[in-house]
Amino acid sequence: MKSDKLKFLLFAVVVLAIPLFIPKGYLTNVLIFVGINSMLALGLNLLLGYAGQISLGQAAFFGLGAYGSGVLNTQYVINPWLAMALVAVGVAAFAFAIGFPVLRLKGHYLAMATLGVGVIAYISFNETVDLTGGPSGLSGIENLSIGSFVFDSDIKNYYLVWSFALVSILLAMNMVNSRFGRGLRAIHDSEVAARVMGVNARLMKVQVFALSAFISAIAGSLYCHVMTFISPTSFSFPVSIELLTMVVIGGLGSVFGSVLGALLLTLLPEMLRAFQDMDIIVYGLLLISMTIYLPGGLVRGIPALFRKIVPARGSHA
Amino acid sequence: MLKIKNLNTYYGKVHALKNVSLHLSKGEIVTLIGANGAGKTTLLNSLSAIIPAASGELLLEGKSIAGLPADRVVSLGLSQVPEGRQVFNPLTVEENLELGAYLRYRARGQQGAIKEDLQRMFAMFPRLEERRRQAAGTLSGGEQQMLAIGRALMARPKLLLLDEPSMGLAPLVVQDIFKVIQRLRSEEGTTILLVEQNARAALKVADRGYVLETGKVILEGVASELLENKDVQRAYLGRDKKEIWER
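Read top to bottom, the protein sequences are chains A and B.
Going by the numbering used here, the first residue of the first sequence is number 1, and it counts up by one from there.
Going by the numbering used here, the first residue of the second sequence is number 1, and it counts up by one from there.
If we strip away everything but chain A, and leave its shape as in the complex, we get (with noise of 0.2 Å):
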């Protein structure tokens, strides 16, 4: 997979160097959120577009990430670093252990399962008022730091996020091509046929749901200390939805896709200030756009789109 490292290291170079053609401020802000984002849609799609699992309840994870990275830097004295791969455990543990029941069950009854767990976790984060701060948040949360090196405007934090994200990009491509990758599409095409070349179907689901998990409670903790504060509504249902839809609009699939997906929904919602809270439809009418349209996502859309525009020379697709 030669050209797949070549594809990452062009994305890296890309990324880093972004901050230095752009100016300092809103823009930087937004990207990191576009990080944030590309994190916990690539966590998404491992389970979705991979194994072919869905989940309604991602944002459960993040925030069990955030609160769990928030409460443990304004409550107790640890190291938020410590506490960032403490809580990524934690929250891969308590998804790999409620993964056994939940994903027994397939379709629309796996959807409405997930989506329980969200509202759960949402609720939780609500009525715990002593320990979250309920419906008012939890403010004076730090940023990380190494050292003496505080991580306290928009450019640290953007290298900070997006060196987490390239890590967890390259991770996932890693994956995808290896056997459990493979194992992951072949559930997904034929549980049966998986099964009958020996692949484990009910622990592989749960192991990627747990890995989902985990790399969205990161996103979650790097989200609090960017933030400084969290409240309950950054976690609850429509952000589940959202997910789903930089999944789907950037490609099922495909990793760039989660990132391509990211980008577009996370710059959409600044662009689509004037429509206010109708918003939401916007993102509805994509959704159901791009099903009908580009039923690949914009990764596969747009090359597809392209060579209709321009037919390549020599073929006649």
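Quick caveat, the hints were computed from the structure, so don't treat them as lab data.
Any given hint could be a false lead.
[To be verified] Below 25 Å or equal to it, Euclidean Cα-Cα: the simulated DSS-like pairs (lysine-lysine) are:
(1) K216/B to K13/B
(2) K179/B to K158/B
(3) K63/B to K115/B
(4) K106/A to K13/B
(5) K158/B to K26/B
(6) K63/B to K2/A
(7) K18/B to K3/B
(8) K204/B to K179/B
(9) K115/B to K5/A
Model the placement of chain B on the given structure of chain A, informed by the hints.
Just chain B, lined up with the frame of chain A:
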């Protein structure tokens, strides 16, 4: 090689297999024939641990495989080519074959052997080599069946279960498939349990056969004798139709 004794399998309350007993010796091709819903696929899936068996003895080379998870059964040497081929459509031909060796990747020192086996499959099915980078879903039905068989062989099975390999294929392609089945035995020494609706073709390549009806074995014997058996002919081979018609 394989011994099944009083196997019972249920779908909820439906008693799908009733005290089924059968055996296969090493190097044998045994066919299981019967109408739709007789329980042929259920029997294979009970062996592969896709459907749990309610009771009965399942012995593979003397070792009990009853109650083991599906991946354990595969690693003990039992591989299934599922009904309707079920190749992994979006994956390439090569990736499909690699998935067949899924459990062998875990063992150290197997990488070389897996590569060799891949070449062996390409030698056996040259069409697959031509299309190794192509998505499996774009292959023809016959090619997909070859791929499904190759995929199962990549696990290096001692016993291969074939579920209706002729399903939905053109007569000429069906002939090819049955030739492959014979070659598997003569060249690789694979033991094969063949489930078929195309009873005549199956009985021609098989050594012995079992006739399954509504979950029970109603007849068993040497394949050539079953081919001559009047009841089998009437029910599954389409002879004597005229006689009944004119009665």
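To see whether the hints hold, each was checked on the structure:
Our distance criterion of 25 Å between C-alpha atoms is met by K216/B and K13/B, whose separation comes to about 17 Å. At roughly 19 Å between alpha-carbon atoms, K179/B and K158/B fall within 25 Å of each other, so this suggested pair holds. A threshold of 25 Å between alpha carbons decides the hint, and for K63/B with K115/B the separation of about 30 Å lies outside it, so the pair is violated. With a CA separation close to 22 Å, the supplied pair K106/A and K13/B stays within the 25 Å bound.
Of the supplied pair hints, the one linking K158/B and K26/B holds, its CA atoms being roughly 9 Å apart against a limit of 25 Å. Simply put, K63/B and K2/A have alpha-carbon atoms about 45 Å apart, too far for the 25 Å limit, and the pair is violated. At roughly 16 Å between alpha-carbon atoms, K18/B and K3/B fall within 25 Å of each other, so this suggested pair holds. Using a Cα cut-off of 25 Å, the hinted pair K204/B and K179/B holds, with the two alpha carbons roughly 11 Å apart.
For a cut-off of 25 Å, the pair hint linking K115/B to K5/A stands: about 23 Å separates their Cα positions.
Consistency with the previously given hints fails for numbers 3, 6, ordered from lowest to highest.
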